[in-house]
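Visitor: This is what each chain is made of:
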Amino acid sequence: VSSATTPPAGSELSETSLQREPAVTIFERGAPGRRAFQCPELDVPAVDPNELLPAHLRRSTPPALPEISEPEIVRHYVRLSKRNFDLDSGFYPLGSCTMKHNPRLHERVAALPGHARLHPLQDPARAQGALELMWNLERALSEISGLPHVSLQPSAGSHGELAGVLLTRAYHEQRGETRHKVLTPDTSHGTNPATVTMAGFEVVALATNPDGGIDLDDLRAKADSDVACLMLTNPNTLGLFDPNIVEIAEIVHGVGATLYYDGANLNAVMGLSRPGDMGFDIVHFNLHKSFTQPHGGGGPGAGPIAVSERIAPYLPVPVITRREAIVGKSAGSNGKDSSGMAHTNGHTAASTPTYIFDIDYERSKSIGRLRGFQGNYGCFVRSYAYICSLGAEGLKDASETAVLNANYLLARLRDRTNPPVAKYLPLAYGQLCLHEFVLSGGPMKRELGLKTLDLAKRLLDHGFHPPTVYFPLLVEEALMVEPTETETRETLDAFADAIAAILSEAAEDPEIARNAPYTTPVRRLDEVAAAKHPVIRQAL
Amino acid sequence: LSRYTATTPADLEVMLDAIGVGSVKEIFDRQIPAPVRLGRPLDLPAGLPEQDVYEHLRELAARNVSAEDELCFLGAGMYDHYVPALVDMLMERSEFLTPYTPYQPEISQGGLQVMFEYQTAISELTALPVSNASVYEGPSAVASAGYMARLHNGRGRFVVSAGLHPHSIATLRTYAHGFGVEVIEVPLRKGVTDIDAWAAAIDEDTSAAFFAQPNFYGAVEDAAALSAAAKTAAEKAPVVIAQVDPLTLGILAPPGDCGVDVAVGEGQSLGNRLDFGGPSFGFFAAREEFLRRMPGRIAGETRDVDGRRGFVLTLQTREQHIRRAKATSNICTSQALNALAGVVYLSWLGRQGIVELGELLLARTHYALQTLTGLEGVEALYSSSQPVIREFALRLDADVAAVRERCAEHGINPGADLYALTGRGEDRGGLLVAITERRTRADIDRLVDVLGAAVASERQSQAVRA
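Top to bottom, those sequences are chains A and G.
Letter by letter, the first sequence follows residues 371 to 910 of this note's numbering.
Letter by letter, the second sequence follows residues 12 to 477 of this note's numbering.
Careful: at least some of the hints might be erroneous.
Said to hold, decoys possible - Residues from chain A that face chain G, not an exhaustive set, calculated with beta carbons under 8 angstroms:
| # | residue |
| --- | --- |
| 1 | 397 |
| 2 | 401 |
| 3 | 410 |
| 4 | 429 |
| 5 | 542 |
| 6 | 544 |
| 7 | 546 |
| 8 | 726 |
| 9 | 743 |
| 10 | 844 |
| 11 | 910 |
In short, the hints are calculated from the structure, not lab data.
Using N, Cα and C, we set each Cβ at its ideal position, and we do this for glycine too.
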């Protein structure tokens with residue numbers, strides 16, 4: 371990449387609004403003596419701190435935190451924020467990440483003090499609203515997954531995976547079996563094999579067949595009595611539904627192993643097909659994907675799990691329980707259905723609860739805790755609000771539209787009126803897709819001298835977040851595109867046009883894309899130097 | 012059309028035509044076999060307009076008694092500290108709220124720089140040179156530190172002080188069972204880790220030794236002494252891991268200066284709300300030698316092709332998306348938004364503020380402990396001279412649940428039922444009381460009145476029942 375401060379003509383295709391001034395950290399701002407914090411008054415008798423805290427336990431010099439006023443803090447972070455591209459500003463088709471719109475209602479309801487300032491150790495009797503919300507969310511996730519029991523506890527998809535593999539371990543141990551291997555396809559998310567190792571199992575990779583599904587012969591050869599589990603994503607990371615799923619489940623169950631569903635791609639099948647009905651024993655959900663949490667720049671999220679009856683005894687503690695209250699009137703009336711969720715008129719839900727909710731810590735076969743307290747409740751509030759907003763039909767519509775949008779974008783990229791795209795960026799597998807698809811940049815690299823990375827960087831100048839790149843690993847120069855259901859046809863068209871424009875431009879002059887981007891706060895960064903001589907904090 | 016999708020009938024026609032199918036159903040029919048199609052609507056209620064969802068969620072919130080509604084002395088891992096308004100305002104900005112992991116650094120400089128600033132602040136607080144960009148939360152950070160120690164030295168035992176948060180011990184046990192490490196618990200003596208038992212429990216096969224600062228009962232441990240004892244207990248020293256509350260590090264000796272190798276903990280006390288237990292963030296800091304075995308994202312400083320200062324995710328060869336089965340952890344989450352709240356909060360507190368706040372907590376906690384233990388039927392759980400900084404354990408000469416119930420009738424949550432949390436026999440009758448800067452002297456005096464009366468009434472009824 372050459373150092374060209376002047377972008378070539380036409381590079382500023384979409385004038386970026388991102389802030390481009392030199393980077394200055396909060397530690398380089400302010401001045402000694404400045405402050406934003408005004409300490410509450412000392413209203414108790416003063417005691418010499420040295421008496422309360424002997425010198426050998428005390429800090430000798432204060433930590434070198436910033437010395438800065440409130441206005442400076444606000445300006446610093448607001449300006450920093452303007453150096454970020456975000457979903458609210460533009461298209462973010464990051465494959466396997468489901469960057470769908472984040473309704474602002476969710477932020478409003480999550481910030482209500484009854485949710486936001488509720489202490490996690492509040493007595494269950496005084497946290498009935500929170501426990502009912504969690505119960506309702508569990509029931510909804512159970513129905514969506516087709517599996518009867520749910521734990522909301524895991525903090526992320528990867529944490530749900532760890533829970534799932536530990537549940538598998540507990541299940542086999544209870545049956546007096548010691549199994550050592552877990553199967554994962556070579557298309558799987560990297561978290562799958564990493565989790566398997568963390569949970570003390572050995573990873574055995576499964577091959578992919580020419581159609582993009584599991585190679586059944588390879589599965590049959592590797593499925594034996596030492597296999598604890600098969601971890602599968604369906605649709606997989608190629609955006610393809612494995613048509614042999616029933617047979618796969620039979621093979622796996624036939625050797626006594628469990629079948630684990632990585633729910634990262636659940637957004638393709640909500641209300642259309644359920645992991646439980648496919649034969650899966652354990653499922654994790656990424657609430658931040660399918661059930662629209664703001665991704666926060668990398669987190670927070672939540673990774674609840676749903677399991678079959680045979681796995682249920684091992685679920686993490688604590689679990690939420692419900693029993694009927696004895697209040698002199700019949701339960702299940704007053705405008706709620708069996709799931710307890712509000713019916714069409716939200717006001718009816720305000721009537722007296724007919725159930726009492728509790729937290730159960732005593733589960734003798736449980737794998738134990740995976741974290742503190744009950745999980746990322748703030749995330750539960752948001753995803754529950756989403757499910758209430760969409761309802762059964764809306765969730766199905768979300769998946770159908772996500773699949774429609776992905777196939778439409780794929781069609782636009784294979785359009786005969788756009789000849790360069792299909793030629794240089796062929797679809798890696800299949801003809802249609804579900805919620806996402808994977809293109810191969812192999813021909814583009816060979817014939818235009820343009821790597822997928824270059825295409826991605828040039829997309830930045832067009833005002834788009836690029837798709838996921840170089841994943842899955844088995845596709846050469848992979849480009850994984852997930853548009854989601856909340857994008858308009860106009861946006862999809864504009865993205866397809868941008869890809870075509872970049873390829874046409876590259877046919878004329880590949881150097882432009884190879885040196886891209888030009889319009890961003892910084893240009894290509896030296897990642898090799900960053901890793902070789904890591905500078906991961908400011909010298910103070 | 013739902014309110015979050017935009018496909019009109021006209022759009023649909025154009026789109027289906029471009030795809031070359033007659034209907035959306037056909038796209039599914041051609042890909043998902045009939046036996047695994049649902050074929051019926053989900054058994055969930057119909058969707059609701061936004062205002063109805065708001066009312067439903069508001070009604071659920073109204074059936075919770077939050078720290079806004081009562082005088083709350085609950086702590087035990089999460090604390091009702093004041094969160095300044097600028098934290099809310101910055102967390103709500105779309106540019107921080109709605110992007111994902113900064114895979115494209117050229118358009119993610121804001122988030123990456125926040126991570127870099129956060130790492131700097133955590134390193135400064137802990138006096139440990141390397142910090143990651145945060146992990147899920149506290150107890151799982153403890154367990155992740157254990158996994159890192161296991162990767163580091165391959166040994167088979169963890170020695171854990173009973174002063175660690177019970178959720179941390181439980182989480183560590185869950186994880187350790189998976190990767191095959193035995194967990195040995197060391198008891199407390201007079202409210203702090205029994206240093207002789209601690210040293211005796213550590214052997215050649217001890218991978219890591221864990222303690223908490225301040226410990227679960229609020230007491231300040233002699234961190235330097237524990238670290239030193241751990242390192243000399245056996246020929247091969249274990250990794251010394253401390254679970255620390257970062258807000259106390261304005262006044263407590265930082266773990267890095269006490270011989271601690273890895274400091275982890277719950278970040279909620281730094282500008283994050285209670286949220287019934289999450290989301291918050293876990294912090295993870297260590298000595299230099301652990302840099303390439305750390306879990307999680309790490310931001311690093313570098314230059315762009317024009318020589319401009321910039322930031323990237325770095326040392327990614329540790330991570331699952333590159334190394335798969337050989338990764339040092341499966342974690343791909345940094346709690347970036349919560350860590351942003353953390354670093355904004357620390358900037359707001361500032362260099363002097365974190366000391367002033369620590370001293371205020373120390374003074375108010377001392378006052379609360381003195382006045383409460385002056386009550387009939389109330390004493391300190393441990394007759395220790397160890398200082399307490401924001402929390403302390405009492406023993407009530409009355410049924411704790413019943414006393415708490417009586418206090419609740421007066422709008423006070425007097426603290427956590429210790430035995431319910433730890434299940435340790437010696438914690439029977441225990442009440443764990445937390446004092447944040449939001450609890451004024453007047454609040455503490457009111458607690459003294461109400462708790463005193465509740466204990467007296469309960470002892471009276473106990474006497475009557477007897």
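Visitor: Under 8 angstroms is the threshold here; is the Cβ of residue 844 of chain A close enough to any Cβ of chain G for the hint to stand?
Guide: With a minimum Cβ separation of about 12 angstroms from chain G (threshold 8 angstroms), the hint on residue 844 of chain A is violated.
Visitor: Holds or violated: the hint that residue 544 of chain A contacts chain G, with Cβ atoms closer than 8 angstroms.
Guide: Since the shortest Cβ distance to chain G is 13 angstroms, the answer is violated.
Visitor: Go through the hint on residue 401 of chain A and say holds or violated, using the shortest Cβ distance to chain G against 8 angstroms.
Guide: Where the cut-off is 8 angstroms and the nearest Cβ of chain G is about 11 angstroms from residue 401 of chain A, the hint is violated.
Visitor: When the nearest CB of chain G is found for residue 429 of chain A, is that gap smaller than 8 angstroms?
Guide: 5 angstroms, holds
Visitor: Holds or violated: residue 542 of chain A as interface residue toward chain G, Cβ cutoff 8 angstroms?
Guide: 12 angstroms, violated
Visitor: Was the hint right that residue 410 of chain A lines chain G, CB cutoff 8 angstroms?
Guide: Where the cut-off is 8 angstroms and the nearest Cβ of chain G is about 5 angstroms from residue 410 of chain A, the hint holds.
Visitor: Against chain G, is residue 910 of chain A within 8 angstroms by beta-carbon distance?
Guide: 6 angstroms, holds
Visitor: Answer holds if the nearest beta-carbon of chain G is closer than 8 angstroms to that of residue 726 of chain A; otherwise answer violated.
Guide: Violated: closest Cβ of chain G sits about 12 angstroms from residue 726 of chain A, beyond 8 angstroms.
Visitor: Do the numbers back the hint for residue 743 of chain A, that is, is its least Cβ distance to chain G under 8 angstroms?
Guide: At 3 angstroms from the nearest chain G Cβ, residue 743 of chain A passes the 8 angstroms test, so the hint holds.
Visitor: Close enough to count: is the Cβ of residue 397 of chain A nearer than 8 angstroms to one in chain G?
Guide: Given a least distance of 6 angstroms, the restraint on residue 397 of chain A holds.
Visitor: Would the hint on residue 546 of chain A stand, with a C-beta cut-off of 8 angstroms toward chain G?
Guide: 16 angstroms, violated
The structure does not agree with the numbered hints 2, 5, 6, 7, 8 and 10 stated previously, though it agrees with the rest.
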